[in-house]
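Participant: This is what each chain is made of:
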Amino acid sequence: NAGVTQTPKFQVLKTGQSMTLQCAQDMNHNSMYWYRQDPGMGLRLIYYSASEGTTDKGEVPNGYNVSRLNKREFSLRLESAAPSQTSVYFCASEKGQTTNYGYTFGSGTRLTVV
Amino acid sequence: LAKTTQPISMDSYEGQEVNITCSHNNIATNDYITWYQQFPSQGPRFIIQGYKTKVTNEVASLFIPADRKSSTLSLPRVSLSDTAVYYCLVGAHSGNTPLVFGKGTRLSVIA
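First to last, the protein sequences are chains A and B. Note that the first sequence covers residues 1 to 114 in the working numbering. Note that the second sequence covers residues 1001 to 1111 in the working numbering.
Extracted from the complex, chain B is given alone in its bound form (with noise of 0.2 Å):
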């Protein structure tokens, strides 16, 4: 399984874009990029999924490089109630190779 690097936490202010990075230099061809967000005492929520370029939806913004090795989650104008942890996993979603959390990126966002 390809591992993720993804900041430890972040800081913003609302009515800002944020911008979490994550790297995945091992990712293999048949992976996806997914992105999750964790409010307290509740499980994660599926937010966006992306093979290349980007994808948008409307909660998020999902960037792809060509190589893949990286990946940028962007959240449009954050509100309070954005503040949550935001997992970057890579996988085949085939059932057998599992999703792998690692610790997250923790957001906060402040008045």
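With the rest of the complex left out, here is chain A (with noise of 0.2 Å):
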């Protein structure tokens, strides 16, 4: 199993243009996130799907949108680039329940806006 697979792995966008970030898994959970990590911070939730067909907003939902297209893909979309994305930002999904097993963390998008 590939786990939460993330796309792309780079980007560099020019200040004002858009483009949607990927995140599939392949684990049949309900639940997905989008995070941020910035140098040598820890992660901020930007939003949230508790389960397919709703959404919710983070900590730093401003500027981005999200949609849950079906039970296993999450999108994350930037309209209007601007520098202070630039960050790190991570998938991640989860059964939804009480459960031993946590959070399962895709391998990142490295985002720059210049």
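Misleading hints may appear alongside valid ones.
Quick partial rundown of chain B residues pointing at chain A, CB under 8 Å, derived from the structure [what the hints assert, rightly or not]: (1) GLY1102; (2) LYS1103; (3) ILE1110.
Worth flagging that the hints you see were computed from the coordinates, not collected in a lab. Quick reminder that beta carbons are idealized off the backbone N, C-alpha and C, glycines included.
Dock the two chains into a complex; use the hints.
Facilitator: Put into structure tokens, the structure is as follows:
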């Protein structure tokens, strides 16, 4: 099993450009999450989807939109990229029930906005 | 969500046991305590989870006192490859209450 797959792994955007970060999981998990991590910092939650068909804002949602396309896929869109959105973006998934397995993270997308 | 407090950084020599303590004074009855490990340029990886007393797996042990207001992650005989950031999180894992990551503890293992 691949677990959580994120694409692309690296991306450079110009200010004002748009792009969509893709995330897919093959573990039949109910919940999915998008975090961003700035250098030397912990992870901050952008958006999450507790189950298929629902999405909610996290700590830092401004400038982002999400789509839970189906149970497997959860995409993150930057409509008009800004240099402040330069970061590493991690997608994660979880069963969504009390469990001993925790979150499974993808390998991240490194985004630079110039 | 319960707030956690853990040391910013720790140093250890290879072969030593490392204990990282996390404080979570406002932990709720249905909250679990979970620890993650993050290597540079990788996403965090689940290490261990517990509710009370002691939990042990092939990677680490987790000690939780009766009042559950703190927890200690114990890494036996660390090696250079254990150099990473370790995050302590408290939450109900319900999907509707996402985990909040702090800055974690940066563990440096020295030869």
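Participant: For a quick check of understanding: which of the numbered hints are violated here, in increasing order?
Facilitator: 3
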